[in-house]
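Engineer: Sequence:
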Amino acid sequence: MKIRQHPRMRDIVKGDEVYSYPHHLFAHVDEVFPAAVCVKVGLLSVNEHLEMIISPQLWRADDIENLSVCRYCGRREDLEIELGTGIPFRICTHCREKFTIFPEDD
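The numbering used here applies: residue 1 is where the sequence shown begins, and numbers increase by one.
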């Protein structure tokens, strides 16, 4: 049986920042698999006192978005944060010019 890579995993590399839609969290990729990524998320544990536990989690390819590339063309160069979404999506300067409807006021 041949393992196939999920199309969304094609451009994800270790160290990229990804957003999880079900968890409403973003984290850095620690490991890449054919259909998922492993991230480490800090969790608060309340025992006798509060402590932070770093928990590895496996996030499915269908549930994530890569924040380290332009969300329109996939470039990794000349990225800016796209404002107004609440999620730190990135857009390259080329696509910003292409998709900007209203010019920015100077």
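Hints were generated in silico from the structure; no laboratory data involved. Check before you lean on any hint, since a few could be wrong.
[To be verified] Derived pair list, reagent style DSSO-like, types lysine-lysine, alpha-carbon separation capped at 30 Å:
| # | residue 1 | residue 2 |
| --- | --- | --- |
| 1 | Lys-2 | Lys-14 |
| 2 | Lys-40 | Lys-98 |
| 3 | Lys-14 | Lys-40 |
Engineer: Indicate, hint by hint, whether the structure satisfies it.
Structural biologist: Here's how the hints hold up against the structure:
{"no.": "1", "hint": "Lys-2 / Lys-14", "verdict": "23 Å, holds"}
{"no.": "2", "hint": "Lys-40 / Lys-98", "verdict": "36 Å, violated"}
{"no.": "3", "hint": "Lys-14 / Lys-40", "verdict": "12 Å, holds"}
Going down the numbered hints, you'll see the structure goes against just number 2.
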